Amino acid sequence: MAKARETACAAVEKALQGAGLAWEKPKTPEVPEGAAGAGTPCGPEGGNAAATTYVVQLPGTRKLSTTCSLVVGRHTLTVQAFVVRRPDENHEAVHRWLLEHNLRIYGVCYAIDRLGDIYLVGRLPLAAVTPEEVDRVLGAVVENADGSFNTLLELGFANAIRKEYEWRTARGESTRNLEAFRHLTGTERRADA
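First residue of the sequence shown: 18, per this note's numbering; consecutive thereafter.
Please keep in mind that the hints were generated in silico from the structure rather than gathered at the bench.
Just so it is clear, the structure is predicted and the values come from calculations on it, not from any experiment.
Using N, Cα and C, we set each Cβ at its ideal position, and we do this for glycine too.
Certain hints may be false.
What the hints assert, rightly or not - Pair by pair, the computed Cβ-Cβ distance ranges are: (1) T24 - S191: 46 to 54 angstroms; (2) S191 - R153: 34 to 42 angstroms; (3) E117 - A145: 41 to 49 angstroms; (4) R188 - E150: 44 to 52 angstroms; (5) A177 - G77: 16 to 24 angstroms.
To be verified - Quick list of in silico lysine-lysine cross-link-like pairs, DSS-like style, CA-CA up to 27 angstroms: (6) K180 - K31; (7) K20 - K42; (8) K31 - K20; (9) K20 - K80; (10) K31 - K80; (11) K31 - K42.
From just these sequences and the hints, can you work out the full model?
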């Protein structure tokens, strides 16, 4: 078991380095001396049988970045990435969209926490963790966190977007980062303008 964790940690680190991603040094809680798994190596600092957590910032275009945690546990690699907070409105349509898209996603799926915030989550057995597989799963996280971001905002936050647009234009402030939602504000640019 310790060898599988060590191999998985090495695969995660190789994938992150290969992709040129910024990531935090793994955090591995200490297991008291004499406890089961004490002194089991995992990660650059040695560590133990407790989970080793990597936190990585995945770049995006619609969503500037997505924070993703990769947790190497005793039996699995768990992936979790925050996508967007609980929608303000239209919950049924948002949840339906998430469930329909879960059918097409590789390695991860949309989930909601007890507050209604939306995440991408996934689990792989340690035996399946290779640098290529980690890269594939991180690609799925980026594709589905970044690629779905504007759609989820439109479905779950349309009124807030309209209010923000009105507030900014009334004060002469920039609406540049709201351009993708111009069609919601009723101020679409005309082709002949």
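Hints versus structure:
The hinted range of 46 to 54 angstroms is satisfied by T24 and S191, whose Cβ atoms lie roughly 49 angstroms apart. Distance hint check: the CB atoms of S191 and R153 are about 38 angstroms apart, consistent with the given range 34 to 42 angstroms. At roughly 26 angstroms, the beta carbons of E117 and A145 sit outside the given window of 41 to 49 angstroms. R188 and E150 have their C-beta atoms about 49 angstroms apart, which keeps the hinted 44 to 52 angstroms range intact.
For A177 paired with G77, a C-beta distance near 20 angstroms keeps the hint of 16 to 24 angstroms intact. For the hint linking K180 to K31, the alpha-carbon distance of about 45 angstroms lies beyond 27 angstroms, and the restraint is violated. As the CA atoms of K20 and K42 are separated by approximately 20 angstroms, the hinted pair is consistent with the 27 angstroms bound. Of the supplied pair hints, the one linking K31 and K20 holds, its CA atoms being roughly 16 angstroms apart against a limit of 27 angstroms.
Between the alpha carbons of K20 and K80 the distance comes to roughly 37 angstroms, so the proposed pair goes past 27 angstroms and is violated. Between K31 and K80, the direct Cα distance comes to roughly 25 angstroms. Compliance with the 27 angstroms bound is thereby established for this hinted pair. Of the pairs offered as hints, the one joining K31 and K42 holds, with about 13 angstroms between alpha carbons and a cut-off of 27 angstroms not exceeded.
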